Structures are given as structure tokens and as C-alpha cells.
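Engineer: So you can see what is in the structure, the chains are spelled out below.
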Amino acid sequence: MPRQPDPRDDAQLLTAITDGDREAFAELYRRHLPWLLVRLGRRCASPELVDEVVQDTFVAVWRSAGRWDRRGEVAAWIWGIGIRRLVDALRRSRPPAGELLEFAGVETSAEEHVLLAVQYGDVGAALASLSPELRAVVQATVLDGLTTREAARLLGIPPGTVKTRMMRARALLRERLA
Amino acid sequence: MSAWHLDPEAISRYARGAAPPELAASAEAHLMKCAPCRGAIAPHVQARRAEAIWHEVADRIDAPRRSRPERLLVRLGAGEATARLVAATPTLRGPWLLAVAGVLALAAWAAQADQRFLLMFLVAAPLGPLAGVAVAFAGGLDPTREIGLAAPYSGLRLLLVRTAAVLAVTVPIVALAGLALPGSNWLAAAWLLPTAGLTCAALALTGRLTPVVAVGVVATAWVLLTVPTTVAGRLDLAFGLVAQVGWLALAIGGGAWLALTRHTVTIKLGRTA
Amino acid sequence: MITVRVHGLTRSFGRTTALDGVDLEAGPGVTGLLGPNGAGKTTLLRIIATVLAPDRGEVTLLGRDPARPDDRTRIRERLGYLPQDAGFHRGFTVFEFVDYVAILKEMTHRRARHDEVRRVIALTGLEPVSDKRIRALSGGMRRRVGLAQALLGDPDLLVLDEPTVGLDPEQRLRFREMISRAGEARTVIMSSHQTRTSPPCAAGSP
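Protein chains in written order, with our numbering: chain R, 1 to 178; chain U, 1 to 273; chain W, 1 to 206.
Hints in this document: simulated from the structure, not taken from any laboratory.
Warning: the hint list may mix true and false statements.
As the list claims (entries may be wrong) - Straight-line C-alpha distance at most 20 Å; calculated SDA-like pairs for lysine to any residue:
id	chain 1	residue 1	chain 2	residue 2
1	W	K132	U	D59
2	W	K132	U	S12
3	U	K33	R	R71
4	U	K33	R	D6
5	U	K33	R	R70
6	W	K132	W	R119
7	U	K33	R	A11
8	W	K132	U	S67
9	W	K132	U	P143
10	U	K33	R	R31
11	U	K33	U	D59
12	W	K132	W	D115
13	U	K33	R	G156
14	U	K33	R	K163
15	U	K33	R	D10
16	U	K33	R	W77
17	U	K33	U	W4
18	U	K33	U	R75
19	U	K33	R	Y29
20	U	K33	R	Q12
21	W	K132	U	L6
22	U	K33	R	R8
23	W	K132	U	I61
24	U	K33	R	L40
25	U	K33	R	P34
26	W	K132	W	A122
27	U	K33	R	T141
28	U	K33	R	V142
29	U	K33	R	G145
30	U	K33	R	E27
31	U	K33	R	A75
32	R	K163	R	T141
33	U	K33	U	S12
34	U	K33	R	G80
35	U	K33	R	R168
36	U	K33	U	S67
37	U	K33	R	R30
38	U	K33	R	E73
39	U	K33	R	W68
For clarity, every value in this text was computed on a predicted model and none was experimentally measured.
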């Protein structure tokens with residue numbers, strides 16, 4: 001059934017949500033659930049846990065909409081809430097996988113490696129050339145914006161290891177991009 | 001960034017979890033800034049899953065907010081039902097707790113002045129938590145008790161949940177008051193095992209007596225034991241090493257009894273018609 | 001079909017004998033217990049609600065024996081009870097209180113439980129005050145809250161002790177209507193205050 005697309009941008013939706021506008025909240029949900037589900041799903045092997053975390057996240061969005069600092073993207077704010085909820089949930093009940101290395105990715109062949117490096121540029125290639133452990137740490141801290149401790153919880157390794165791997169990764173990336 | 005977007009193939013691979021790491025990394029960085037690409041992921045998510053999550057979210061934001069103690073308990077891992085039962089326990093209310101804290105603070109302060117008050121503190125210390133357990137089940141203070149008795153929720157589970165909650169709150173209060181006592185440290189903790197033993201004994205007795213009476217019996221026995229012995233200077237009889245082992249045995253024994261009789265235990269009603 | 005059967009029921013408290021060899025049979029519909037205060041109605045209702053055990057006599061509820069723990073739990077799963085002096089926790093709203101009782105009735109799944117709570121609140125016409133604190137409600141509304149919690153889980157046996165006491169005639173009428181609607185599909189046993197001096201007897205009125 002045809003629905004009029006809501007013309008408001010995310011920031012306006014959040015303002016409306018602060019006033020209790022359920023329609024605005026439903027629209028925000030429609031816009032952001034899919035990518036949040038996929039992105040969190042790549043960091044946790046258990047779909048049930050992901051569903052729960054996503055649920056918690058949107059409830060938190062509804063309740064704390066007024067606390068968005070109006071800087072940056074709403075998506076980034078939502079991600080911040082979601083990834084922290086995931087880290088908390090993993091602290092309480094780890095799905096029985098080992099250390100999280102490959103962010104539910106797929107091993108690529110050598111040719112694909114080269115092709116993708118060409119398509120996505122130098123940084124992509126440098127990142128791809130890192131070992132899985134180093135790459136996972138870089139993605140957790142840089143991409144997901146987690147602190148050392150949070151990254152440690154997400155990946156299932158001690159915080160000290162996170163730090164050493166980050167240092168090694170930085171050194172290697174600096175070398176390769178020099 | 002220019003008008004670069006993820007092509008449909010990349011989106012599909014990413015959404016399916018089939019994207020290699022650096023593609024995924026680029027995709028995620030891009031999605032943070034690009035609404036149309038975010039929208040392009042929607043067809044790759046199961047509608048049923050999205051609906052199910054939405055229904056849970058809608059229910060939670062419609063339902064009234066849990067009180068703060070409940071939320072804390074749920075975050076600590078207690079089930080929602082348990083948290084609600086604890087929150088509704090009559091003893092865990094500000095005025096009651098303040099009264100207990102006040103009495104004990106007074107006793108501890110008085111102990112600074114006079115050694116005899118120290119002994120009084122030790123005798124009185126287990127009575128605080130015990131009284132809390134009794135009050136949690138006293139008919140007059142739990143208005144929904146009658147309804148609760150007709151509900152299928154296990155009486156024993158309710159007993160244990162509430163007792164654990166009361167102890168978790170009152171024991172630290174007593175312990176804090178105990179820190180203000182003069183003298184050696186062991187004495188300030190000597191009441192802990194007796195409290196455990198007495199509580200388990202009272203719980204074990206709830207098979208035969210109502211909780212209030214069970215606590216009364218146990219508390220009376222405690223006072224009869226400790227008052228004469230401490231007045232006569234024989235602290236070790238109630239608090240010494242051998243005694244502590246005895247209290248521990250009592251705690252374990254009471255707990256074991258409760259575990260063995262758990263299927264037949266029902267909390268008894270004490271009022272007349 | 002008889003859902004409640006009581007035979008030779010005797011119960012004393014100290015030296016007072018509240019019930020002495022009482023017999024009762026009831027089936028679907030509303031069964032009223034009439035009698036003056038002190039005639040033992042509350043004791044009988046409490047025994048039927050499995051809250052009190054008799055000294056002597058046989059009790060069969062919904063085909064089960066409440067003296068046996070497992071059967072007792074099964075009975076309670078299909079039972080709704082409104083006691084005479086139903087109290088409420090201070091500070092609970094209507095929704096919170098009914099939800100609390102729903103938890104006691106072992107409805108653990110939150111969304112299903114909330115749906116059920118909303119259903120009984122709607123059934124008793126309490127939607128407008130669902131978020132209000134119970135202590136802020138009138139006596140008639142509070143009685144309705146009591147009835148709502150008794151209806152949770154769609155029980156087969158509903159035990160109501162003096163449900164209309166303290167209500168004005170109009171409220172009493174509305175309450176009676178709700179009760180008789182409830183009685184269409186289940187067994188309702190209720191007591192009512194009477195000034196006639198007669199022993200408690202069952203007056204069936206389906």
C-alpha cells in the first residue's frame with residue numbers, strides 16, 4: 001500500500017520523538033533498522049542476541065532522543081548506542097564462538113583481493129593486507145569507535161592485547177601507506 | 001565526499017554477510033553518511049524479523065517504566081519477574097530500612113562509649129535481617145498476600161527470592177554499622193555466620209510454622225542463648241571459632257532440609273478468619 | 001457438569017468453628033453464597049480458592065484435589081480470586097498492579113503478559129485510568145481493579161468474596177452485570193452480605 005514518504009530528515013524526526021511523536025519514531029525505525037541489524041549481525045554470531053540488542057537500542061532511542069547532541073549523523077549516534085549495548089550483552093552472555101576474528105566476513109581469493117584493492121583504493125588494500133587479528137582490532141576501534149576495553153569485550157581478548165595489536169597495525173599501515 | 005554510492009551488488013553482498021573485510025569496512029563507513037544506501041539495505045532484511053522486533057519495541061515503550069530498583073536488578077541478570085517481586089517486597093522500603101539503620105547506628109555509636117554496648121550490638125545484629133524477613137511475609141504489610149496465595153507461583157520460590165533480597169539489603173547496612181565499632185575486626189564480623197544459620201533455620205521451619213512465627217522462634221532462641229553468655233563474659237560460646245562452625249553447619253543443614261522438602265513446602269497462612 | 005464439589009467440610013480456628021460439615025456443589029454460572037457475617041462464607045471461599053486447608057472433608061475443584069501440591073498448582077493456574085479485603089501496594093498504578101499479579105500467575109513472557117493485562121483492563125472498563133495510581137481511585141474503581149486481576153488468564157473458576165461491598169447501588173448493578181457476563185463461560189462463586197439469619201447455603205443462579 002502506498003505510503004507518503006516522510007519528508008523530515010533524521011534530526012527533525014528525533015526532535016519529534018522527544019515530543020512523543022510515535023509516527024516519527026516508526027519512521028526512524030524503518031530507516032535505520034535494516035543497516036543496524038546487518039552491521040551488528042556481523043559482529044555477533046547469535047541472531048537472537050542481535051535481535052535483543054537492536055530492540056534495546058531502539059527503546060533507548062525513544063527514551064533518550066532528547067539527549068542527542070545535535071552533532072554529526074543521527075545514524076552514528078544510533079550506532080554508538082547499539083554497539084555499546086552489544087558489548088554489554090556479550091559481557092553477560094557470550095555466544096560460544098572463540099575469538100571474533102573475521103567479523104562474519106568471507107575469505108577472499110588472491111584475485112579478488114587485488115581487484116577490490118583497485119576499486120577501493122590504497123587504504124582498503126593496506127587494511128586487507130593486515131592479518132585477521134590486526135584487522136579486527138582496527139575495525140573495532142577505528143570503525144566502530146570503541147574504547148580499548150569495549151573492543152576487548154567485543155572481540156573476546158584482553159585489553160592489553162588490543163593495545164599491542166593496535167600499535168602493530170598502525171606501524172604496518174604507516175609503512176604501507178608511506 | 002562526492003556522489004559515490006555503493007552499487008547494488010556490493011550492497012547485496014554486504015547485507016548477506018558475503019562481503020570481504022575491506023569492502024565491508026568501506027560500506028559501513030559509507031552507510032553512516034548516506035540515507036539512500038541505508039534504504040537500499042531494507043529489502044535484504046526479513047520483513048517478519050523487522051516486524052517482530054518492532055512489536056517488542058512498541059510494547060516496551062507503551063508499557064510503564066519499571067522502577068529504578070527493578071531496572072537495576074534486571075541489568076544485574078535477575079529475571080523480570082523476580083525483579084518485580086523483589087521491588088514489591090514490603091521490607092524494602094525507605095522508612096523501614098532507615099529505622100533499621102538508625103537503631104544500629106545508635107548501637108554502634110553507643111559502643112564507642114561503653115564496652116557493654118558492643119556486646120549488645122553483636123546480640124542485636126542478626127535480629128535486623130531476621131526481622132526484615134518476617135516483615136516481608138507479615139500479613140499486615142503485604143496487601144496482596146491473599147491474592148498471591150491463590151496464585152500458582154511457587155510459595156517456596158517467593159520465600160527464597162524475598163529472603164535473599166532482604167538479606168542483600170539489610171546485611172550490608174548492619175555491616176556498615178559494625179565498622180564503627182571499636183576493637184578488633186573479627187568481632188565486627190562475628191555476627192555474619194550466626195545470621196546465616198538463623199535465617200536458614202527459620203526458612204526450614206516455614207514448613208511447619210508461618211514465616212513470622214518461625215522467625216520469632218529462632219530469634220527468641222538466639223536471644224536466650226546469647227544474652228546470658230555475653231553478660232557472663234563468655235563471648236566465645238556464641239561467637240567463638242567452634243560456635244562459628246556450628247552456625248555454618250546450621251546454615252547448611254537448614255538449606256539442605258529446605259531443598260529436600262521443596263515440593264511439599266507451602267507458606268502457611270496465620271490469620272484467623 | 002460439576003466443577004466445584006465440597007463434602008463434609010469442617011474448619012475451626014482455635015475454639016471457634018467456622019464451618020461444620022458443609023456440602024456444596026456448583027457448576028458453570030454464578031453461584032451465590034448468602035448469609036450474615038460470621039456465618040463462615042469467607043472461610044468457605046478461601047478453602048475453594050486453595051488459600052486455606054480444611055480440617056476435615058473432601059474438596060474437588062475442576063476435577064482435582066487441592067490437598068495434593070501438584071494438583072493445587074494446576075488448580076491455581078485456572079483460578080481467579082478476589083478476596084474480601086484485597087489490598088494494593090502503595091504507589092502501584094492500575095497497569096503495574098495487574099501486571100504484578102500476572103507475574104504471580106506465572107505469565108513470564110512479557111509481551112503476551114502485557115497483552116493479557118490490557119485485555120482484562122479493557123474488559124473491566126479501566127482503560128481511562130490504566131496509568132493512574134490505585135490509591136487515587138474511588139472505591140468502585142478499586143473493586144474493578146480487583147476483578148480485573150481475578151480475570152487474568154481467563155480462569156475457569158472465579159471466587160469473589162463480597163465483591164460489591166462499599167459500592168453505591170448503581171456501581172453494584174454494573175458490577176453484577178460484569179459478573180454475570182463472566183459467569184456465562186465459567187464457574188463463579190461469590191458471597192454477599194445478608195441480614196437474614198440463615199446458615200450459608202448455595203443459591204444457584206446460572
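Engineer: Can you give the numbers of the hints that this structure goes against, from lowest to highest?
Structural biologist: Of the numbered hints, 2, 11, 13, 14, 18, 21, 35, 36 do not hold.
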